[in-house]
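Chemist: Listed below are the residues making up each chain.
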Amino acid sequence: MASGGLSDFFSNIKALPWNVRDAVIRHGAPTSDRTRSQAVFNNVFLHIHSTRVHPHSLRFSYTWGLGVALASLFGILTVTGLLLMVYYVPSTDLAYTSIKDLHSVVPFGGLMRNMHRWGAHLMVALVILHMARVFYTASYKDKREFNWVVGVALFVLTLALSFTGYLLPWDQLAYWAVTIGANIAGSPDELTHALGLPAAFNVGELQKEILLGASTVGQQALTRFYLLHVVVLPLLVTALVALHIWRIRKDGGLTRPEAANTAAPEPAQPESAPTKTFGLMCVVKDSAPHVGKDPDETVPSWPYLLRAELLVFMATLLACLALGHFFDAPLAEYANPDMPENPAKAPWYFLGLQEMVSYSAFLGGIALPGLIVVVLALVPFLDREKEPSGVWFSGGKGLAVTIVSLIYGAAAAVASVAVPVRYGWLRDWYPEIPQLAIIACNPGSLLAVVYGIWCFVVMRVTRSTRMGAIALLTCTLVGFAILTYVGTYLRGPNWAFYWSQADWPLH
Amino acid sequence: MSNLEPDALPRRTFLGSLGMGTAILAAVGSVFVSIRLLKPRARPEAATIVRVGKPEDFPPGTVKVIPEHQVRIVSTDAGIAALSMVCTHLGCVVNEVAEGFHCPCHGSKFDGEGKIKSGPAPRSLPWLQVSQAPDGMLLVDAKSDIAPGTFYSV
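Read top to bottom, the protein sequences are chains R and G.
Using the working numbering, read the first sequence as starting at 1 and increasing by one per residue.
Using the working numbering, read the second sequence as starting at 1 and increasing by one per residue.
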C-alpha cells in the first residue's frame, strides 16, 4: 500500500484552504436562532453582547444611537491617535514641528489629525447628549443606579482625555489653556488664603505640582499629560466602558416602556387546573433556554443588533471624515511663555466654567464643577420613585416641567451675565471687600443657588423628586449652553464683553 | 466570668491574619510609593532666586523688567523694590499700563504698586524679597511674598 505518508501530505496541502477556514469559523453561517446565539456568545470579541435584544432597544428615536456612537468614537480616536503617535514627539522642542509635519509631509497626516481633533470635540458633545437621553428616559432607576454612576465617571474621564490631549500640540492655545487649568488645580489655596489658614493647608500647590511635575508648564507637564492621554486614561475608559456595557446586559438590556412588552400574555389558567410548584433540579449545560417559539419578543443580536451598531459606526465615521476633510484643526503659534493669548480661552466645553472662573478661580474651577459631578452621581439615589422608565420626560407632566425649566434656567443664566456686564460686581462697588465674600457670592454661586431653589420649588409643587430632578438638570443644561455661547462669542480681550468680534480693540 | 484562661488563638487564624496583614501592607506600600514618585525632589527649572545685576546698575529712578522671571525692579531714593508681574488669579503675565497693571486673561486691574483694584484676582501682586549676594550682586526671590512698600537699601 502506497497510501499514507506522502500522499496524505499532498492531499492535506490541497485541502488546506478549507481546513483553515473550518478551524477559524467553526459553525458556518448561522441558520437557526440557536446558531445565531452561538455566533455571539462563542466569539471572544462579540460575547459582551447579549444573544437576544428587544426590538424597542433598536429604535433610533429612543436612543439616537448615542451610546454606540460614543463607543465608535472611542475606537476612531484610538486608531487615529495610534497613527498620530507614529510621528508625534512629546518634547517641548519637537512637538509643534511634528504636528506641522503631519499636515505637510505625512500622507493623510492632516486628515488623521483633524479627525482626531473633531472626533474628540464630537465625543464631548455626544457624552452630554447621551447623559441627557438616559436621564430624560429615567433609565437610571431600579437597580441601574450603579451604571449611572459609572456613566458619570466616564463623563469625567472623557473631559480629562480631551483636556490632556489639548496640551500636546504645544501651541499658544495649548500652553495657556493648561497654565490656567493648572492654576485652577492650585486654586484651593485661594480659599485657604481667604480663610487665613496656615501654609500647611495649601493642598492646591501640591496638586498643581503633582499635575505639572514642576511649578510651571514645561517638559515635565508635557510628559505627564502625554502619559495620561495615551495610556492611563484610555485604559481606565476601556475598563469602565466594559463594565458599563456589562451592567446594561445584567440589568436586562436597555429600558423600555411597559407598552413595548406586547409579548403573549400569560395563558389563561383553566379553572380546574392543578396548582403545582416546581423546584429547580439542576442546570444543564448546552440546552436552549426556550424550546420552540420564544414567549417574548426578543430578536437575535446576530444580525439585528450588530447591524444597527455597524450602521451607527459608519455614520459616526462619516461625520468624522467629513469634518476632518473640510475643516482643519487649529494650530496657533508656537508656545511662548512670555506672551499670554488675549483672550486666553479654554476649549469650548470649559468656557461655561471659565465664565465662572473669571469671578473666582476656586468656585468656578473646583467648587462648582465638583458640585455638579457629585449631584449628577447622586441623582438616582435622591430620586427613587418607582415609575415606568423608558418614556421620554416621564410623560406629559415631565415635558411641561422641562419646558418651564428651560425658560427659567435660560433667563437666570442670561441675567447672571448681563448684570455684572452692565453694573460690575462686588469689588467694583466695594474695593476693599475680602476675597471670601467674592468666593461665596458671585454670578456662578448665585446661579447655582437660583437653580437649586427652582428644583426645590418644583419638588414641593409637583410632590415628586423625579420632577425636581428634571427641573434641575434642564436648568443646568440650558445654563451650560448659554454660558458656553457667551464665553465663545461674546468675550474678547481681557474677558470684556463685546457684542461682536468686530468690536474688539486692536493692539 | 474569669478570664484566667482565654480562648487559644487557632494557629490557622494567626497565620491567615499574618498573611492578610502583609498583603495589605504591601498594597498600602505600593500605593504610597506610586503617589510619592509624582513629586520630584528637584525641579527642572531655573532657580527662583534671580541675580539681577549690580547695585550700581539701578540708580534711583530706574525701572527694569526681567521677562524670564516676570520680575519688575524699581529703584527710588528709598531703596530698591521688586514686584511680581504674574497675575494672582491664574498665572498670566500682566501688562503695564499708565494706571498700573492689567491682566489680559480675565481683566484683573492692579495699581502702580500692585494693589488689586478690580477683577477676579484674589490678591494684590506680590512684592518680592530683594537681598544681596556675598559678592554684592542684587538678588530677587521670584517666589517670595513680602509686605508691600518694603524697600531694600543697599
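Note that these hints are calculated values from the structure, not bench results.
Among the hints, erroneous ones may be present.
Said to hold, decoys possible - The list that follows gives simulated cross-link-like pairs (lysine-lysine, DSBU-like), each with its CA atoms no further than 35 Å apart:
1. Lys64/G to Lys115/G
2. Lys64/G to Lys143/G
3. Lys143/G to Lys117/G
4. Lys64/G to Lys345/R
5. Lys39/G to Lys143/G
6. Lys345/R to Lys54/G
7. Lys143/G to Lys109/G
8. Lys14/R to Lys143/R
9. Lys109/G to Lys250/R
10. Lys143/G to Lys345/R
11. Lys54/G to Lys64/G
12. Lys100/R to Lys39/G
13. Lys345/R to Lys115/G
14. Lys397/R to Lys386/R
15. Lys141/R to Lys345/R
16. Lys141/R to Lys250/R
17. Lys115/G to Lys54/G
18. Lys345/R to Lys39/G
19. Lys115/G to Lys143/G
20. Lys143/R to Lys386/R
21. Lys109/G to Lys39/G
Chemist: Each of the hints needs a verdict: does it hold here or not?
Modeler: Now for the hints, and whether the structure bears them out:
{"no.": "1", "hint": "Lys64/G to Lys115/G", "result": "19 Å, holds"}
{"no.": "2", "hint": "Lys64/G to Lys143/G", "result": "18 Å, holds"}
{"no.": "3", "hint": "Lys143/G to Lys117/G", "result": "22 Å, holds"}
{"no.": "4", "hint": "Lys64/G to Lys345/R", "result": "30 Å, holds"}
{"no.": "5", "hint": "Lys39/G to Lys143/G", "result": "18 Å, holds"}
{"no.": "6", "hint": "Lys345/R to Lys54/G", "result": "40 Å, violated"}
{"no.": "7", "hint": "Lys143/G to Lys109/G", "result": "21 Å, holds"}
{"no.": "8", "hint": "Lys14/R to Lys143/R", "result": "57 Å, violated"}
{"no.": "9", "hint": "Lys109/G to Lys250/R", "result": "57 Å, violated"}
{"no.": "10", "hint": "Lys143/G to Lys345/R", "result": "26 Å, holds"}
{"no.": "11", "hint": "Lys54/G to Lys64/G", "result": "13 Å, holds"}
{"no.": "12", "hint": "Lys100/R to Lys39/G", "result": "33 Å, holds"}
{"no.": "13", "hint": "Lys345/R to Lys115/G", "result": "25 Å, holds"}
{"no.": "14", "hint": "Lys397/R to Lys386/R", "result": "16 Å, holds"}
{"no.": "15", "hint": "Lys141/R to Lys345/R", "result": "38 Å, violated"}
{"no.": "16", "hint": "Lys141/R to Lys250/R", "result": "14 Å, holds"}
{"no.": "17", "hint": "Lys115/G to Lys54/G", "result": "28 Å, holds"}
{"no.": "18", "hint": "Lys345/R to Lys39/G", "result": "28 Å, holds"}
{"no.": "19", "hint": "Lys115/G to Lys143/G", "result": "18 Å, holds"}
{"no.": "20", "hint": "Lys143/R to Lys386/R", "result": "11 Å, holds"}
{"no.": "21", "hint": "Lys109/G to Lys39/G", "result": "34 Å, holds"}
Going through the hint list in order, the structure does not satisfy hints 6, 8, 9, 15.
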